[in-house]
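Student: Take a look at the letters that make up each chain.
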Amino acid sequence: MHVLLGAAVQVPYASWLNTGDNTWQIVAATFVGLMSLPGLAVLYASIVQKKWAVNVLAMMFAGFSIVLIAWVLWTYKMGFGATSIGHGVKDGVQTQLNGVGWVKHFFDNLVGRPGQITNATSEQGQAVSAANTAIPFHFPTTTLAYFQFVFAAITPLLFMGSVLGRIKFSAWCLLVLGWSTFVYGIDAFLLWGGGYFAQEGALDFSGGYVIHMSAGVSGFVAAWVLGPRLLRDRQTAIPNNLVMAAVGAGILWLGWNGFNGGDPYYAGADAAAAVVNTNLATAVGVVVWMALDAWGTKAKKPTFLGGVNGMICGLVGITPSAGWVNGWGAMLVGLISTTVVWLAWNYLSKVRPFSRVDDALGVIYTHGIAGFLGGLMLGLFGDPNMIEYGCGKLDAAGQVVNTTSAAYMATTKSCTPFSVSGLMYTGSFHQLWEQFRAAVWVILWSAVVTFILMQVIRLVLRGLRYRDDVLEVGDLAIHDEEAFPEAPLAERTGGGGPGAGSAFELAGIGARSSPPPE
Amino acid sequence: MKLIVAVIKPFKLADVKESLIKLGVQGMTLSEAQGFGRQRGHTEVYRGAEYTVDFLPKLRVEVLVEDDRAPDVVEAIVANAATGKIGDGKVWIVPVENVVRVRTGERGSDAI
Chain S
1 MHVLLGAAVQ VPYASWLNTG DNTWQIVAAT FVGLMSLPGL AVLYASIVQK KWAVNVLAMM
61 FAGFSIVLIA WVLWTYKMGF GATSIGHGVK DGVQTQLNGV GWVKHFFDNL VGRPGQITNA
121 TSEQGQAVSA ANTAIPFHFP TTTLAYFQFV FAAITPLLFM GSVLGRIKFS AWCLLVLGWS
181 TFVYGIDAFL LWGGGYFAQE GALDFSGGYV IHMSAGVSGF VAAWVLGPRL LRDRQTAIPN
241 NLVMAAVGAG ILWLGWNGFN GGDPYYAGAD AAAAVVNTNL ATAVGVVVWM ALDAWGTKAK
301 KPTFLGGVNG MICGLVGITP SAGWVNGWGA MLVGLISTTV VWLAWNYLSK VRPFSRVDDA
361 LGVIYTHGIA GFLGGLMLGL FGDPNMIEYG CGKLDAAGQV VNTTSAAYMA TTKSCTPFSV
421 SGLMYTGSFH QLWEQFRAAV WVILWSAVVT FILMQVIRLV LRGLRYRDDV LEVGDLAIHD
481 EEAFPEAPLA ERTGGGGPGA GSAFELAGIG ARSSPPPE
Chain Z
1 MKLIVAVIKP FKLADVKESL IKLGVQGMTL SEAQGFGRQR GHTEVYRGAE YTVDFLPKLR
61 VEVLVEDDRA PDVVEAIVAN AATGKIGDGK VWIVPVENVV RVRTGERGSD AI
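From first to last, the protein sequence lines stand for chains S and Z. Going by my numbering, the first residue of the first sequence is number 1, and it counts up by one from there. Going by my numbering, the first residue of the second sequence is number 1, and it counts up by one from there.
It is worth saying that the hints were derived from the structure and are not from the lab. Since we're looking at a predicted model, the values are computed, not measured. Be aware that a few hints might be false.
With the Cβ distance kept under 7 Å, some of the chain Z side facing chain S (calculated, not the full set) [what the hints assert, rightly or not]:
1) Pro10
2) Phe11
3) Leu13
4) Glu32
5) Gly35
6) Leu59
Glycine residues also receive a C-beta, built at the ideal position from the N, C-alpha and C atoms.
Next up, chain S with everything else stripped away, as it sits in the complex (with noise of 0.2 Å):
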């Protein structure tokens, strides 16, 4: 058989695909997807009262769903589409880098151009956004969307901690839709898409901003506008199974390896010192957490629980810095988000007007503040030696040629090597700085969206809250499902109706008593 020099053949992937790179974004992808189902699925379940597990199971698959649905259809492209509304963003170049007044800037660059990615061209062509401007994308478009997807997903998961356990259930899918398109979709091109405040410098390498900031504020703006669970529910708030919560929290921790690994967009060296770093901040949290639970309550006792708590905060400290910090950097935003976030948990709660809001799972805390902390650290320890994207040869094919590790590490004419400078590494506050003003956008962003967002929901549903009478039985009142049931109703003798709890139950009874409401 005699083959042609240049004839053409079938080829598995396209020249500027490397399939080390959407291999890993895919498995990155997917843990960041597990985090959310099931990891924080379970673990949200798991930390309810029995009566209020399924609906949070519920809550979540179909949040997760419905972001997705809408991702596809229009958010993407909202959050990371090649072209803005306001054409600051074209086929992913930055036009207005300079010499422009700050207000056309900022509407120029908010948020890209909405539309599908559903056809093939779409799924299958090079991912193109302004996201990444150093680089061509080595992957296709879907490869990227999933990624990014995984992530807008997850937002909402988890503030859903702070509205359980009296949301209508409809409720919480239009608050699902309108958020995730309004919030996050342009929060995330405004810090990552190549929008406004990426051009000025601010920087989120996982999304400590973008995601558990928002969340945070957001959930507590819902819940207040919410208003509270129901005072039993609030005093006999006890974890129905702390070993299913445990299988939660694993999940979410070493998910993250995906969800901070995966941002570098490329399988390199950045994306290990990320893992590292993030697993190395985590770590600090759940020691440091235990640690001042042991010797800071009144009951001087380490908890599982605190060792979540103080687990939650690491990860998400480190999440805006993950690439950028070193180790020491990593450990000192373990230590002090934790520590912070503990302060905030056991005082800062019972101030106003934090003592006023039932935010249920204290996201506000675990995920507010500490993301709002690690922003800004990444302002004081980012390293300049922990470089990102360093300089070397391309071939045609984009792949990199003869680069030493000194080629690569030092600046050439034409090429920096992208890295962080902190102001514990160079004295500027100009990191620092930027990362202030991100936050405050996002903050006054995320809630006052949040709080229209809930008032319209609020008039198109005629309440966002279940009666009370529907909230004294909780998952079956609401799913006609019960996470664990009792013994089958014809195993016994006449009955015992369904959703009969124990009587003791039913009159507010437990063994062990809450601390009596604020």
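Put chain Z on the given structure of chain S with help from the hints.
Tutor: Quick look at chain Z alone, frame taken from chain S:
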């Protein structure tokens, strides 16, 4: 001395307990119970299947009082346990021969 026994709906416990404490009752015993009255045998649907339900969760409250206080205590329980709906329960009075306080050995009225 009398033993007042009341079978009530569980969520009415708080009201009943408050009223008894206001009356100066010195103690009470609570137990879980299942009960039905004249309306036994209604059916309910659960997970798609029909079940005949007789027993419903109730609480049994027991209080020891002097004879002269018994009517007031019964009134207080009835007033606070009532919802007007089926299943409100019953209260009855049982005569007591003797009472002993375990810790001190006191007997009779001193033990109430």
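Student: Which earlier hints turn out false for this structure, listed by number in ascending order?
Tutor: The structure breaks only hint 5.
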